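As given, the protein sequences belong to chains B and P, one line each in that order. First residue of the first sequence? That's 0 in numbering that gives the first Met the number 0, and the numbers climb one at a time after it. First residue of the second sequence? That's 0 in numbering that gives the first Met the number 0, and the numbers climb one at a time after it.
These are computed hints drawn from the structure, not numbers from a lab. Since the model is a prediction, treat every value here as computed from it, not as a measurement. Watch out, some of these pointers could steer you wrong.
In silico lysine-lysine, BS3-like type, Cα no more than 30 Å apart, as pairs [said to hold, decoys possible]: (1) B:Lys251 with P:Lys297; (2) P:Lys78 with P:Lys102; (3) P:Lys78 with B:Lys252; (4) P:Lys297 with P:Lys145; (5) B:Lys17 with B:Lys167.
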Amino acid sequence: MLSSAILLGPQRHVRIVKPALDTLLPADDRPVALVSAGWEERESEDHEFREHVGRTVQNLEVWARVERIFERDRELLAAMRQRHDTLRRVQELYRLRLLGAMEPIRELLRRPGNDLWLAAERHDALVMLQGIDSQHVQRVVQVHEEFESRWRPGERAAVQRERRDLHKKLLECGILCIAGGHIAVLLHRLRLFDVLGLHGNRPVVAWSAGAMALCERIVLFHDTPPQGSACAEVMEAGFAVLPDLVALPHAKKRLDADDERNVQLFARRFAPALCVLLDDGARIDWNGSRWSAQPDTRRLTEDGWVEEVGA
Amino acid sequence: MSLVERIEHAVALGRPAVEELIAATEFPHVEGRSVTFLFRGEAQEVTLQHWIHGLPGSLPFRRLRHSDTWVLQLDVPPKSRMEYKIGVMLFGRGTMLRDPLNKHTARDPFGANSVVYGEGYAPPEWCLVDPEARQGTIEDRHVDSKVYGDWRPIKVYRPARFRQTRRYPLLVVHDGFDYLGFANLQAILDNMIHRLEIPPLIAIMTQAGDRMREYAADPRQADFLVHDLVPQMEQILPLVREPSARAVMGASFGAVSSLSTAWRHPGFFGKLLLQSGSFVFTEIGDHDRGPVFDPVVKFVNEFRRTPGRPAEQVFLSCGVYESLIYYNRSLVPRLQETGMTVRFREANDGHNWENWRDRLREGLSWLFPGPLWLVYE
């Protein structure tokens, strides 16, 4: 578990990384390590970030390092592509079962009343839904474990070379910033280099997908995608270095928070974790033992409301 | 007092009162399901000309108190679009006008119509140029065709941040020049790629020499796409060379040609986007659509007998105000029986470019889902 971290909303329009850095590491000359692998081929386009923080920035080039590894180690590239296909298939199969479980529970929540029998059915349907999520997380863990034991990526020369260099650069830095972007790309590339492990117990600032990656579970969501409705799904376990929180970036755009039952179901499904909406300007701080949030940072409640985290 | 009563009252008061009312009221005036049209001018007869299947094609306006003011009230369901013109008969001579009081128009290759929006309809913002979305490029090229024995002009859309080292899915568009001109296709592709709703893709816009012949299930058009166009594009563009990364689309006869191509070359295109397809068929006897439809009906009848499995995914859409809605609805179960994944959408709209434009977001994002689900910037 990290001893200090700050999670933020998207940084495109409302930039608040600098004050977060000043809170966690005031008056420190060491460079800020940046992981922007979620931006993929635009990883190096970090000039706006550099201008904003006004400190020396060491972009760890996590995305580019993996691309270099792929060029040198084609076997690993093929194995990772195969794992990608397997993960996609596992996700599709999970989605099938999930969709089957969602409609009954939505209907149970729609039904008026709160008698013993209805409450019992609602409870059991929720437990079943949570079970489907947990089983999926376990299956994904199994996919990763099989991949690790078969291909031992950490022991491969191309990976070790990049990891050594990355470690050296990371050691010089006082704090780690993890930007948003493509969550799967970010997560798998951070994991390949064990960036969180190498960083140790130093503070972290993360936003959007970066924040999602630090939590116990990564929850994908978009209530109104252009191709029709969709229900939130667990992608896999995150690094679990921050407890009891589900990060929901861009919630204003992606979550139908006006639908009370939607909110209710979301909050209950992932309880006891706090479902925090990481919209523009949102900030939630972890001090090693408890969370505290800036005003206007909101969460979903099990009653179906959206309220400030501190309320 | 209802709007028509207010208009009648103004007419009784005289011209300035009518002008004042018109200045203060938007026409056509939409109130719930009721739309009031108003026309002013010398005429012996005024009619509303529209293309809604099931209604008389010409609906008469009512002249108020022998004045030059004419009104018509019509029931228009919510979220509808209706294109129309006003027919004016004077001294035995008829003219068709766009509604002078209506600022909304819809363009097509034959000109422009007035258009009325039912309650709750607004042109979607995602089809307008978004200054935040990086623009792709359009390049004019041509394709040498062994099949047709000539060359065909095409336009190639490359997405923003195009890289020759990447591999892109391919979208082939029948009547592609018209899709660019009348359905904002470039802005839609730019916006959807920018918003991660579809992946960056390459679109090839084709335009027929004689579309009523070549798009009427002509086997040459199918061969042209499969043997001439796509292989030549694969030589010069970084395309994913797999059926699952290839789509062909079109509207009206363009949809017929898309389905005909996929049927004649099953598995070549993994995805089909068919809009208001002219899928006319006959169960008994002959059709009444004229000789241009003969090859279409022959193909659709044959397709209905032996559909095979032309592709993997089909997005089908049609307006409920089109006469073609019956044929499209009938096609859905046949497509489903083939084992293809089918999505069918109906819209309160007619056989026109803006209907086709408005369905593109759902169709394209369903066929080519972008990384939106996984990207949290």
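Hints, verified against the model:
no., hint, result
1, B:Lys251 with P:Lys297, "violated (52 Å)"
2, P:Lys78 with P:Lys102, "holds (18 Å)"
3, P:Lys78 with B:Lys252, "holds (23 Å)"
4, P:Lys297 with P:Lys145, "holds (25 Å)"
5, B:Lys17 with B:Lys167, "holds (24 Å)"
The structure shown violates just one earlier hint, number 1.
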